[in-house]
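J.: Sequence:
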Amino acid sequence: MGATRLGYVGLGTIGLPVATRLAALPGVSLVVADLDPAALATLSALPNVTVVGTAAEVARQCDVLFACLPDPAAGDAVFLGAGGVLEAGSSAEGLVVIDNSTVSPAAAERFSRGLAERSIHYFECPVLGGVTQAVDGELFGVVSGPESRY
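Heads up: the sequence shown begins at 802 in the working numbering, then just goes up one per residue.
Hints listed in this document are in silico derivations from the structure and should not be mistaken for laboratory results.
Cβ atoms here follow ideal geometry from the backbone N, Cα and C, with glycine treated the same way.
Honestly, I wouldn't trust all of these hints.
Claimed, not checked - Just the calculated beta-carbon pair ranges, DEER-fashion:
no.	residue 1	residue 2	range
1	890	932	34 to 44 Å
2	837	877	13 to 23 Å
3	845	910	27 to 37 Å
4	945	864	13 to 23 Å
5	828	895	15 to 25 Å
Sequences are here, hints too, so could you generate the full structure?
T.: Here is the structure:
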C-alpha cells in the first residue's frame, strides 16, 4: 500500500505544528499550501512534504485535506474561491475536508453546501487548545460532518 496522502492549508499558529506532526507520521506524504513563505520553508525541509501554490493543488494531490484558517473570509477563499478546493474540479471528488478552524454555523454550512456540489465531504472540526497543545499533539477536536464518511 502507498503512502497516505494528506494535505494541509493554513500554516499559522496552530496549523504549522499540526502539519509538522502529521508529516512525522509513518507512511504519510503531506502536501501543503500557505501564504507565509517562512511556514512553507519550515515544512519543505521535512521528508515527504511537498509545497504547492494553491489549495486547489493540495486538493488534487491528497485524499484528506486539513485546513486551519483565521476567519470565514479565508475559508471562503480556500474552499470556494479562485485557486480554492472547488477549483480542483473532478479530481477532488470524494475528497474529505477537515476544517480545524473555528467558524460560525452559517459559515460551516456554506462551506459544506459549496463543497458538496463537487462531491467533496466537509467536516467541521474546530480544535480546542493552544500552541503548546498543538506542538505536544494534545489538541482536542469536536467533529461534525456526514456520518457516511466518518
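J.: All hints are to be evaluated individually against the structure, with a verdict given for each.
T.: Going through the hints against the structure:
Look at residue 890 against residue 932: about 35 Å separates their beta carbons, and that is inside 34 to 44 Å. About 19 Å separates the C-beta atoms of residue 837 and residue 877, a value consistent with the hinted range of 13 to 23 Å. Roughly 35 Å separates the CB atoms of residue 845 and residue 910, a value that falls within the hinted 27 to 37 Å. Between residue 945 and residue 864 the CB atoms are about 20 Å apart, so this pair conforms to the stated range of 13 to 23 Å.
The supplied range of 15 to 25 Å is met by residue 828 and residue 895, whose beta-carbon atoms lie about 20 Å from each other.
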